[in-house]
Amino acid sequence: MKTLILLVLLLQTPEDQNRRCLLCHGKKDFGIVENGKFKSLYVNYDNLKSSVHKKFTCVTCHNDVRVIPHLIKPKKIHCLQCHFAGNVVGAPVEEMPEKYKESIHAKAKREGKKAPECYDCHGIHNVRPPDDTLSTVYKENIPSTCGKCHTKEKGSYEISIHWQGIKKGILESAVCNDCHREHDILPPDDPRSTLNPRNVVHTCEKCHANVQIMKKTGVPIKQVEAFKESFHGIALEFGVLKAANCTSCHRYHDILPSTDPRSPIHPDNLAETCGKCHPNASQNVAKGKVHILPEEKEAGIVYYVYTFFKIFTFTVILGLVIHIILDLFGQFRRRRYGKK
Amino acid sequence: MGKNDFEEKIIEEIENEEEIKFDEKLREKIKKEIKEKYKKEIKKIKREIEKKRKKKEKEEEEYFIRFSLNIRLQHFILAVGVLILIITGLPIKFHEAMWAKIILKIMGGIQVSRILHRVGASLLFIVSVWHMLYIIFTREGRREFIELLPRPKDIMDFIQNIKYFLGLVNEKPKFGRFSYIEKFDYWAVYWGMVIMLGSGTILWFHNFFLGVLPKFILDIAKEVHSDEAMLATLAIVIWHWYNAHFNPEVFPFNPTIFTGKIPKERMLKEHPLEYEKIMKEKSKK
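Line by line, the protein sequences are chains A and B. For the record, in the first sequence the residue sitting at position 183 is 183 according to the numbering used here, with numbers rising by one throughout. Positions in the second sequence are counted from 1; adding 340 to them yields the numbering used here.
Some hints could be false.
[Said to hold, decoys possible] Below are the BS3-like pairs computed for lysine-lysine, each with C-alpha atoms no more than 25 Å apart in a straight line:
no.	chain 1	residue 1	chain 2	residue 2
1	A	LYS152	A	LYS276
2	B	LYS555	A	LYS310
3	A	LYS167	A	LYS113
4	A	LYS228	B	LYS555
5	A	LYS289	B	LYS433
6	A	LYS242	B	LYS555
7	A	LYS297	B	LYS555
8	A	LYS276	B	LYS562
[What the hints assert, rightly or not] Partial chain A-side listing against chain B, Cβ under 7 Å, derived:
no.	residue
9	THR60
10	SER282
11	LYS287
12	PRO294
13	VAL302
14	VAL305
15	THR307
16	PHE309
17	LEU318
18	LEU320
19	ASP327
20	GLY330
Since the hints were derived computationally from the structure, they do not count as laboratory data. Being a predicted model, the structure only gives us computed values, none of them experimental. Backbone N, C-alpha and C fix where the C-beta goes; we use that ideal spot for every residue, glycine too.
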């Protein structure tokens with residue numbers, strides 16, 4: 001009997017097989033009343049047909065449906081049914097599910113709180129690959145996907161220069177997951193988190209030290225490097241976490257360039273921004289340049305000081321070393337030839 | 341007991357031990373040899389005692405006091421301060437290097453090293469105020485300061501010294517109390533102190549200065565502090581340590597600045613004019 005069913009199943013295309021399900025689930029008003037509320041059980045089959053799972057039948061995932069029509073409510077399915085190492089259906093297995101288990105989302109879920117699972121971000125029937133423009137995890141769509149729950153953050157993000165970049169078609173601009181990561185999202189107080197003070201610089205550096213991306217957007221490339229040479233950067237490097245990192249001054253979701261009056265790094269707002277840590281900061285903090293290495297000509301007077309000292313130090317030390325060498329040379333010669 | 345008895349006793353002892361008898365001739369010979377042996381030893385010991393006595397005399401007699409306790413203390417505090425500053429400062433400048441991370445770790449992290457750096461800075465500050473008071477208000481200080489002032493002779497000395505190094509002349513320049521090399525060291529400290537204490541003060545009290553000075557002044561202070569630190573460190577390690585300690589003439593260590601004493605021999609070689617002056621003053625008395 002089993003082999004017969006298998007044979008029949010094999011001869012049919014997924015669409016043939018799914019037709020039987022869609023007899024009911026294909027109707028738009030199909031549904032049941034559960035806990036006094038109407039629950040739609042309609043499935044938009046076009047979604048499934050254009051998803052990564054188009055080759056599969058409904059019962060591949062809903063594998064507890066043996067008889068159609070089914071009389072009992074099928075169990076909730078889980079992606080790990082197939083996406084586990086050693087699965088036979090050929091479902092791609094990456095480290096993502098494992099990473100997800102570490103995340104704050106999974107932790108909240110384990111504690112019984114409301115938190116997203118795979119399908120909350122990837123979609124249910126309409127799972128599409130990330131490079132598909134209709135995918136929920138397509139770069140441009142990620143803010144709306146995360147924003148389903150994180151509405152405040154989404155609103156804040158959407159005024160940022162990063163979102164402006166995305167809208168201009170510069171898809172290298174950062175969206176949620178570029179900073180937060182995707183599966184292993186961790187809270188900032190976790191030392192492994194990309195948002196932990198000791199990791200923030202590295203997180204921003206991924207793009208802000210990337211020549212190609214920065215060229216495209218016209219942002220100076222050496223800013224992160226210059227930051228690392230600053231007292232803030234060095235203090236952070238050696239574990240002084242109260243030292244300012246990128247987000248301390250630039251904020252995070254609503255990052256804006258210094259030319260924007262809403263930006264905390266706009267010259268008019270700098271006194272207040274620096275004042276968060278340095279109580280006496282005045283308008284004076286705007287009189288100077290930030291994130292520029294002394295060896296860059298744009299550094300202005302600092303560049304000239306640096307250049308002066310470079311030449312001065314070289315000349316002085318060279319002179320002293322020559323004096324020493326001549327002294328040694330003279331002593332050696334006199335000793336050797338016994339001259340007085 | 342006469343001397344002969346002593347030798348006799350030794351021979352008897354040997355005879356008893358070996359159970360044989362020496363004849364008279366052999367006895368005489370052995371006696372003679374023993375005598376000669378211990379006479380030689382006694383002479384040697386006497387010579388050694390004499391040598392030690394002479395050396396001690398020489399030490400006591402032929403040393404000059406080159407630096408007063410006041411100068412020695414100033415130098416000591418300055419040296420300790422500078423060493424602390426170099427050890428705690430350079431790892432910040434070269435924070436990416438492995439050795440810098442190791443040194444910082446040994447010190448107990450950047451939060452400890454910055455406190456130590458300020459301790460060093462305070463020593464430097466104290467010694468500069470002290471030195472200013474010393475050269476203004478003490479007779480000794482004023483005299484030393486006048487000796488340290490550059491004069492045309494220093495240039496002549498420098499030229500002659502270079503010629504001497506090259507073997508063009510056979511006579512070393514005759515230095516007075518301070519050679520041009522020592523004067524260079526002294527005046528270089530002024531340059532370094534003004535820059536390092538000036539920029540360091542801005543960096544130390546940055547929270548105050550942030551409100552008073554435009555940011556670019558603080559940027560300059562940081563740059564200057566870092567650059568001058570490098571110059572000073574190189575000058576001290578290469579130049580000052582070579583001339584004062586590692587020079588083959590005094591290698592490996594010249595204790596004069598710590599003990600204040602300089603032997604006559606080195607005095608004659610390194611500061612002949614001062615030697616002459618001291619001798620003249622002594623003979624006048």
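Each hint, compared with the structure:
1. Using a Cα cut-off of 25 Å, the hinted pair LYS152/A and LYS276/A holds, with the two alpha carbons roughly 24 Å apart.
2. Our distance criterion of 25 Å between C-alpha atoms is met by LYS555/B and LYS310/A, whose separation comes to about 22 Å.
3. Distance check on the hinted pair: LYS167/A and LYS113/A sit about 34 Å apart at the alpha-carbon level, beyond 25 Å; violated.
4. Pair hint LYS228/A plus LYS555/B holds up; C-alpha atoms about 18 Å apart against a cutoff of 25 Å.
5. For the given pair, LYS289/A sits about 20 Å from LYS433/B by alpha-carbon distance, which is consistent with the 25 Å threshold.
6. At roughly 21 Å between alpha-carbon atoms, LYS242/A and LYS555/B fall within 25 Å of each other, so this suggested pair holds.
7. The straight-line distance between the Cα atoms of LYS297/A and LYS555/B is roughly 18 Å, inside the 25 Å bound, and the hint therefore holds.
8. About 22 Å separates the Cα atoms of LYS276/A and LYS562/B, which keeps this hinted pair within 25 Å; it holds.
9. Using the Cβ-Cβ criterion of 7 Å, the hint placing THR60/A at the interface with chain B is not satisfied: the shortest such distance is roughly 54 Å.
10. Residue-level restraint check for SER282/A holds (minimum Cβ-Cβ distance to chain B is 5 Å; threshold 7 Å).
11. For LYS287/A, the shortest C-beta to C-beta distance to chain B is roughly 3 Å, which falls under 7 Å, so the interface hint holds.
12. Among the interface hints, the one on PRO294/A holds; its C-beta lies about 5 Å from the nearest C-beta in chain B, closer than the 7 Å criterion.
13. Hint status for VAL302/A relative to chain B: holds, with the closest Cβ pair at about 5 Å, below 7 Å.
14. About 5 Å separates the beta-carbon of VAL305/A from the nearest beta-carbon of chain B, less than 7 Å, and the hint is met.
15. Nearest Cβ of chain B to the Cβ of THR307/A: about 10 Å, over the 7 Å cut. The hint is violated.
16. Because the closest C-beta pair between PHE309/A and chain B is about 4 Å apart, less than 7 Å, the hint holds.
17. At its closest, the beta carbon of LEU318/A sits 11 Å from a beta carbon of chain B; the interface hint therefore is violated under the 7 Å criterion.
18. This hint holds: LEU320/A has a C-beta 4 Å from the nearest C-beta of chain B, less than the 7 Å allowed.
19. About 6 Å separates the beta-carbon of ASP327/A from the nearest beta-carbon of chain B, less than 7 Å, and the hint is met.
20. Contact between GLY330/A and chain B, as hinted, is supported at the beta carbon level, the nearest pair being about 4 Å apart and thus within 7 Å.
In terms of the numbered hints stated before, the structure departs from hints 3, 9, 15 and 17, listed from lowest to highest.
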